[in-house]
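Trainee: Single-letter residue listing:
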Amino acid sequence: MKNFKLVYTIGVILLAVLLTLGIASLVLAVLGADVLKTFWVIFCYPFTSFKNLSGVINIMTPLTLVGIGICVAYRSGIMNIGGEGQMLIGLLCAIVFALYSGIEGPLSIPLIMLVGMAGGAVWGFFPGILKSKFGVSELLSTVMFNYIATQLYAYCLRVPLLDPAVAGGAGDPQTVKLAESQWLPRINEVIENVPKGTRFHIGILIAIALAVVVYLFMWKTPVGFKMRAAGASDRAARYGGISVSAYLVLAMIISGACCGLAGTVEILGVHHRGLGNCTGGYGFSGIVVALFGGLHPLGVIPAAFFFALISYGCSALQINKIPVPSNMIDVLLGLMIMVIVAAKLIIANPYLMDHVQHTVTKLINKKEGGADA
Amino acid sequence: MANPITSLRIEHITKRFPGIVACSDISLSVGKGEVLALVGENGAGKTTLMNILMGLYTPDEGKIYINNKEVVFKSPSDAFACGIGMVHQQYMLVPNLTVTENVALGMRQMMDGRDGDTTLDKFKRAVKLDLASVRRHIVAISEHYGLSVDPDAYIWQLSVGEQQRVELVKTLCFGAKFLILDEPTSALTPQETDELIELLRRMSHELSIIFISHKLAEVKALSNKVAILRGGKLVFRGNTADHSAADIAALMTGHQVYLPVNQSSKAPGKPMLEVHDLFVRGDRGNMALNKLNLTVRAGEIVGLAGVSGNGQRELAEALTGLRAIESGEVSLDGVSLVGRTPKQIIAQGMGYVPEERNIEGIVPSMSIRENLVLKDIGKPPYSTVGVISNARISANAEKMREEFDIRCSGVNVAAGSLSGGNIQKVILAREISRGPKFLIAVYPIRGLDLGAAEFIHKQLLALRDSGVGILLISEELEEVINLSDRIAVIFKGQIQRTLGRGEATQRKLGMMMAGVKEI
Amino acid sequence: MLDFIVLFLTVGIPLSSALLLASLGETVNQRSGVFNLGCEGVMSMGAFVGMLIPYMVGGSGTVAWYVNVAGLLSAALVGALLGLLYGLVVIKFSAPQGIAGIGLQLFGTGLAGTFYRHFIGGAEGVAGISSIRIPVLCDLPILGKMLFSCNPMVYVAFLMVPTVHYILFKTPWGLRVRACGTMPRAADSMGINVSRTRYQALAFGSAMAGLAGAYLSLCYAKIFTDTLVGGRGFIAVALVYFGRWSPLGVMGGALLFSLAQALQLAVQAYGFAAFPYEFLVMLPYALVIVVLVFVGKSKHVGPAMLGKPFNREMRT
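As they're listed, the protein sequences go chains Z, X and L. Mapping to numbering that gives the first Met the number 0: the first sequence position 281 is 280, numbers consecutive. Mapping to numbering that gives the first Met the number 0: the second sequence position 460 is 459, numbers consecutive. Mapping to numbering that gives the first Met the number 0: the third sequence position 254 is 253, numbers consecutive.
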């Protein structure tokens, strides 16, 4: 059987999808929700109007950016789960710069974004250097840096950056609004014939452009080549004269910068001010996006769309009168991560494939033998 | 305890791995008190066959009989229960446990209880590990066989020789009546080897033994029967006494062996690599290189002979910048290498064929063509103004594939999917095509088939003739003697002595490798 | 000042219990060679499940005790099941443990939040398990309040320190677990079923994590919220490194971390309002990083093959 590998791969993927849907259905059934209707809302409802679709794309934007960042880190041999913190520090730096530099005009947006990227890069640099110099596991340090960033941001919102309008009141702490010239243009301001009245901003174009740039960087430049070599086999790379620890730190800087940009775009495009909880958990869901996109910057784009779709769908469950809390999105994400990583390994395992092939061949032969008799 | 094993027979054993048949229709038998030598080249399927016998692998086809009764081993504990024990080539000892704990780990009656235990006994055994009785058992066994071990030592504190004794004691503690030894002498000095053979000969009065080896002197000294595997097939069975070592060698390789021999009389050039009073630390913080001095000239191969673990790895790593130099001086073509990064040393003209080719020599998941330019990716012609030229990288790969006879379905396949010989050719192609001034080759033909080995040796000799200095690190004395212009023997981080090509014999080198300085 | 210290300690010890239970469990996981970053998710599920039965059944007096114990046991059971699920992914299918752990974390926290809203909802709490006062000793000045009038689960948590130590170092099972984490190949060659041992360790460790979650909902906060576990699962994993895979070391880490947290609470309680308390909240996290830097990499202690899947026939 020459095509067995293809059949096997498709079979495993189908099984994985079925398994995910199966477990999710089970959870929904326990909640007493109409399973089919729930899936309809999650997967199809976002397509029902332009407003919904633009909502999806606005979620897709930061997911893409974080996903790209995770790809760069992962390909270079370091697992960045600090996207959440890097987003926060990035957007915090961006807000401070936007509010206090007094910068206005067309150049202000790219400059604010650069500052946001720098902020994220610094927050990525720390775990990178800790890993390369002291061997501290990035899995732990990035999580710790997430908590530190959360507190730092909470403090800044509560004290130095607090909007006087809510000071002393009962409202959630937030900063003042950014100047309108610093907002990312809405897509209908750039492209004609796009319906007005949604928050659909041009961030998605930035995200796609960045995906292309990062792809070219990782696959078409010597630096990217060396980063990938270091990530694929650190020993072989070291023996080949590549300074693995330096590229590791570089990867974390780039990864952090992507996450910082994600946070900044979210502020400039959607919120226009600093709020509590404005990262939307994208730092974590970006990991799923990166995995789903095959850890490739260009693969991240469709993957981010898919995840934006289901996360928009999940958040729309309540307004569609389906008694499923929006936490369901985490259940789906978690399930998918576990199923994807397992399925990937099953596909890549020649031993298992061989075994399955033998069993299948045996079964077929038996059947044929039986038919002959 | 198991009944004594009077006969062990395996019939028609076949085991497949993806893309390879490791054992194909092999039948063997061993009687009481016999010593069977299982001989064959690396990759001939010896270890796989023995792992099947131990229940570590399940055979795809075939049966095992003990005392004419069929047995099926699902796990090594089934094999232990029948009285079969194995000392693996890489010792199966847990480094952060003591000797006693390691032995207890495999003793089923300690871990799971005996048949006929009451529930209370079982409970007691589950909540309290009776290390004291294991310890007594170890002491008794080691006294009976004259194997001295310290039951309270941690494995990581022991030397290779001591670990091997622990392995033997462990296997005997499990009640082995039938011993399988997988290349037991590969990490021992010639003297330790003699002691081991003496010990095994004594033990063969009480036990049956299968031992795997490709060192024919040992086979002749110890075994009374010999079985030869080649490419997963059994090609010969017979009495050891009836066949000469040369016969066995010919059967092992399938043809008379003619490895290329260095016969050049060209005089070497100026000193290329100079090492002066080099001190380097090993992984455990000990001084692995202890005032080492060595000079290799241009157009000369210097073989570095020694039992592994005497500083070879540390020397290679220090010379390539991968390991920090404590003190001393190293220079390549007059330029000091101390304190330089691997990148700088590579730029200086250092080539390196590392010991573990699969993880140090290539990036397994990257393609052949990418691996071929691993060291030069940032330079023209492979990249200009910071952009990689895929066309030139592919052209280079096709050229190398032709020149170095790299057998692959295409240069875009992952390098890790190649066979060991082809991986080594990829590495050699990369290193040689860079035009090095000096090359360090560590165990360059270990585990390769003879065809690949011959090709690689020819390349090394040609490289020497073109004026490159080569440091050849190897444990195979034959390889060292065949290729080298001079042979340096390393022992405990120092060069014992350097011999010319004419002076070196296997015997002499063996003595020096064991630490004897003057012969 | 004395009041301040007493407050600081009486807050710190109960705080450390959840961390202690979870990281002792994680110690067993890691000793067997499996790294479970999904501890956070398991704790969340434990917290939800632990208060489910007490919330549904209620009761008082002796009945309440039984109900609460049932809550704890169900939390442990659900924890073990989640552990086995994770085991399926990382042991059976050898998936990379860092990522799969994040998956388990999202799955667990998501499921707990979803089910909580459905089955309990709102901000409803339970009576839960209250502290007990050990007769006589609890009347001791200072120490009485600090050590002898705690929640029973606090004592359980601290009793688990010697228990886990005993299990790991004095029983056949513990020996197997340690061997599988350091050199699975050797364990395998001696007839030990590496996968089975790792499954068992995961079930045990995750049951402890579930219990830790139930402690939070049933004994500590007496209510469930999405942020109840609040990253303690991740901290628990870090504390295992911190404690060099030894139960005693882990206890030291849990106490140190919790006291740092208690310090912040005590400072807030004493109304140094002007002081930006966020920096005090940060302190324990920063502390973990600093300690991880200094812990360094000493050899021959921890499980050398931590996080590496084992497959006998996979030839490298």
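The reader is advised that the hints may include incorrect statements.
Unchecked claim - A few chain L residues that face chain Z, going by a derived Cβ cut-off under 10 Å, partial list only:
hint, residue
1, Val68
2, Ala69
3, Gly248
4, Gly251
Stated by the list, open to error - What the simulated footprint calls covered on chain X by chain L, stretch by stretch (three residues with Cβ under 8 Å from a Cβ of chain L suffice, anywhere in the stretch; the number is not a length):
hint, segment
5, 51-60
6, 118-127
7, 244-251
If you are wondering where the hints come from, they were derived from the structure by calculation, not from laboratory data. Ideal Cβ placement from N, Cα and C applies to all residues, glycine included.
Trainee: So, for every hint listed, does it hold in this structure?
Mentor: Structure-based check of each hint:
{"no.": "1", "hint": "Val68", "in the structure": "violated (25 Å)"}
{"no.": "2", "hint": "Ala69", "in the structure": "violated (20 Å)"}
{"no.": "3", "hint": "Gly248", "in the structure": "violated (16 Å)"}
{"no.": "4", "hint": "Gly251", "in the structure": "violated (17 Å)"}
{"no.": "5", "hint": "51-60", "in the structure": "holds (count 4)"}
{"no.": "6", "hint": "118-127", "in the structure": "holds (count 4)"}
{"no.": "7", "hint": "244-251", "in the structure": "violated (count 0)"}
Hint compliance for this structure: hints 1, 2, 3, 4 and 7 are broken, all remaining hints hold.
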